[in-house]
Amino acid sequence: MNRRDFLKAAAGGAAVACSGGAQARDNLEPAPEAVGMLFDSTLCVGCKACVSMCKEVNGMPPTLIEGKEAWDWATDLSPQTLNVIKLYKDGEGNVKDQVKDGFAFEKRSCMHCVDPGCVSVCPVTALRRHPVTGIVTFHVDACIGCRTCTTGCPYNVPHFDYDDPFGQIYKCEMCNQEGVSRIDNGQITGCAEACPTGATLFGSRVALLEEAKRRMALKPGDTYNYPMGDVRKPGSYHEKATPVYEKHIWGEKEAGGTNVMHISAVPFDKLGMPPLPERSYASISEGVQHTLYSFMALPAVALIGLSYVVRKNLDASEGETDVSDDEGKEEEKS
Amino acid sequence: MSHYQPVERKVVTVPFMVLGLIAMVGLYFLVQRFILGMGPVTNLNGGYAWGIWVVYDIVVGTALACGGYALAITVYVLNKGKYHPLIRAAVTASLLGYALGGVGAFIDMGRWFQFYNILLPWNMNFNSVMLEVGLCVMTYILVLFIEFMPTVFERFGMKDWAQRLNKVLFLFIALGILLPTMHQSSLGSMLIAMGYKVHPLWQSLHLQPLLALLTALTMGFAIVIFEASFSTVGFGRNSETKLLSGLGKGIIGLVSAYLIFRFGEILLRGKFGLIFAGDLGSLMFIIETAMFIFPLAVLLSPKMREDGRMLLYAGVSLLFAGALYRFNAYLITMDPGPGYSYFPSFPELMVTVGLVAIEIMAYLVIVKKFPVLPKHAHA
Ligand code: SF4
Ligand code: SF4
Ligand code: SF4
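Those protein sequence lines, which keep their order, are chains A and B.
214 is the number of the first residue of the first sequence in our numbering; add one for each residue after it.
1148 is the number of the first residue of the second sequence in our numbering; add one for each residue after it.
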């Protein structure tokens, strides 16, 4: 048994155990008008138009070695790269979308989780999930740079710029941070706009999920008119034969689901996706924390009890140093 | 009359100067960290956001500083007054240990110039375990400082102040028991949100706070064993067994409870096979568990328990066990995914070593200038 197997097996157990906690909460629901993206790995040709567009939109100049780095499995997102196309390659690596001796492309950028770990763990609310669109944004004025968000993100997305003495967190904000506000202005995300094949498709989470399910239901080999741009009002179409999809929409359920979803012809663990149960770790963490700290009631009661006991024992121990009794009062449980 | 007195020895000794030298090296890199940023000084990266500054200075360091907490429970909750002579030394060590944790948190904070944000109510995210740890540790440092004040008042003969504080001291002592209970368990809870990145043998989800608290207590009591054995030697009495038998019972209980919950969770979640997987995780787990079981064996055997040296070994083992549990969970077996690795850089290590050197220097100065150690207890 390895870590991955265990995590799959434990997912159910964790959910059962968790529902027992008094303050346990369920996974968050998608925001009412959640927007996101659908990345179809089988459509991606690895041109990285989205990578350079992302840099342009976010005012991050492309670095010369960028092209090389994006292909390297070992390098990943960085403070200067909010979006990256990675390559899966096996053996000869000459057949697209094939596990053995094949290759495939995978987009990595913030998944805009429905129940985002980064938002849950940030002590100062510097990461926020928009109540209507579900977009997860970063607010530098509040951030203390503790990087708890990095540890709490299942996809290692928030990157702190360690090389800047006054660094900050960088992550994709779905092109909707202040000053960019593409979504608020009725535009679509930069990466979806730049994508020449519709591999990165913008839209509402609901519409994208429908589109993904539609593709799952297609017969391999049949031609399908793949929409490009915004799934709700596609700018154009891209006609292509249907590949043999893995029957798995990444982000429909993983850790509470994501607004950026992926589909592929290669299993997601091969594409470097983490082993995630359906239950979000954020919901377990918050459940435990709130059970222990329900409105500070438990700590307050414990404090009163402790004060009483301490006060009673204080005089006894102050005076004599040789008091030795073994009546063994129960330790206050908190 | 006071039961404590300063150790009458010179402050500046050769070891003291060596420590000073180490501290200087640490401070040199610390200055670099603030001028150049964390990148050139540390090996932190996008996968390993926390290195030894967090894991040693805060997670392990504050647990090592749980002596004051453990002793406060023994003396004031369980009413074992005989341990009272040890309390000042324990409070002093805890104050310094937690101060190190506080400093560690600050230097590790990427946006330290905005640290006050965590104190602004409108910023607080009450779902965040980190918020609880941050606020709780800060408050506890203050509480430890107040608990230390009687020593200062006595040193400078401020009788009025001492009396005034004495009236409310019980409140601070109570807080001094409550706060570590809260944040030491939270240091475990913090691992929950890290999910799959934490090795399954250490990812106990709902049990994280309990296991963290139990091990913090065992580490605290291990520290007390030291202090107890030292001071009894100093008293010229050969009564270690007597003094420690009560503590021993406590430790046996705590370690047993820890092992039961730890293995129970592993068995119930079907992770038992991972112990024998033959990889780094299983190796570290076996070493760590052996270090918990050894002190248990010593304390359970009436013969070994009487052997002062074995007792000390048991204490050391218990300390390392708790520290390793934390290191394993947070760093050694933590795996954020392909492409990331971490080993502390030399400057990064030296900052931590330097801070510890400063901590020890401060302790030496305090016990030599303030009435902290029990009378005639100059070990
Ligand atoms: S992928 Fe990571 S950074 Fe993005 S919303 Fe989810 S938890 Fe936050
Ligand atoms: S680094 Fe900033 S955004 Fe991330 S958890 Fe810490 S305060 Fe929040
Ligand atoms: S949504 Fe915008 S910021 Fe995010 S990856 Fe696409 S282009 Fe980059």
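Treat the hints with care, as some may be off.
[Said to hold, decoys possible] Chain B residues, not near chain A, derived (Cβ > 12 Å throughout):
#	residue
1	1227
2	1250
3	1264
4	1317
5	1441
[Said to hold, decoys possible] Distance condition first, Cα-Cα at most 27 Å in a straight line; then the derived DSSO-like pairs of lysine-lysine:
#	chain 1	residue 1	chain 2	residue 2
6	B	1396	B	1157
7	A	446	A	460
8	A	483	A	453
9	A	525	B	1157
10	B	1515	A	525
11	B	1314	A	525
12	A	525	B	1516
13	B	1516	B	1396
14	A	446	A	302
15	B	1396	B	1306
16	B	1450	A	525
[Said to hold, decoys possible] Stretch-level coverage of chain B by chain A, calculated; a stretch enters the list once three of its residues show a Cβ under 8 Å from a Cβ in chain A:
#	region
17	1342–1351
18	1431–1439
No lab work stands behind these hints, which were simulated from the structure alone.
Values in this document were obtained by computation on a predicted structure and should not be read as measured data.
Don't be surprised by glycine CBs; every beta carbon is placed ideally from N, CA and C.
Against the structure, the hints come out as follows:
1. 1227: The assertion about residue 1227 of chain B is violated, with a minimum of 7 Å to chain A.
2. 1250: holds (15 Å)
3. 1264: violated (5 Å)
4. 1317: Violated, because the least Cβ-Cβ distance between residue 1317 of chain B and chain A comes to about 4 Å, which does not exceed 12 Å.
5. 1441: holds (25 Å)
6. B:1396 x B:1157: Violated: residue 1396 of chain B and residue 1157 of chain B sit about 38 Å apart, past 27 Å.
7. A:446 x A:460: holds (26 Å)
8. A:483 x A:453: holds (24 Å)
9. A:525 x B:1157: Measuring from Cα to Cα gives roughly 40 Å; hence the hint is violated.
10. B:1515 x A:525: violated (32 Å)
11. B:1314 x A:525: holds (13 Å)
12. A:525 x B:1516: Between residue 525 of chain A and residue 1516 of chain B the Cα gap is close to 32 Å, so the pair fails against 27 Å, i.e. violated.
13. B:1516 x B:1396: violated (35 Å)
14. A:446 x A:302: With a Cα-Cα distance of about 34 Å, the restraint between residue 446 of chain A and residue 302 of chain A is violated, given a limit of 27 Å.
15. B:1396 x B:1306: Judged against 27 Å, a Cα distance of about 38 Å means the pair is violated.
16. B:1450 x A:525: violated (36 Å)
17. 1342–1351: Holds, because 5 residues of the region 1342–1351 of chain B bring their Cβ atoms closer than 8 Å to Cβ atoms of chain A.
18. 1431–1439: With 0 residues close enough to chain A, the hint is violated.
Going down the numbered hints, you'll see the structure goes against 1, 3, 4, 6, 9, 10, 12, 13, 14, 15, 16, 18, while the others check out.
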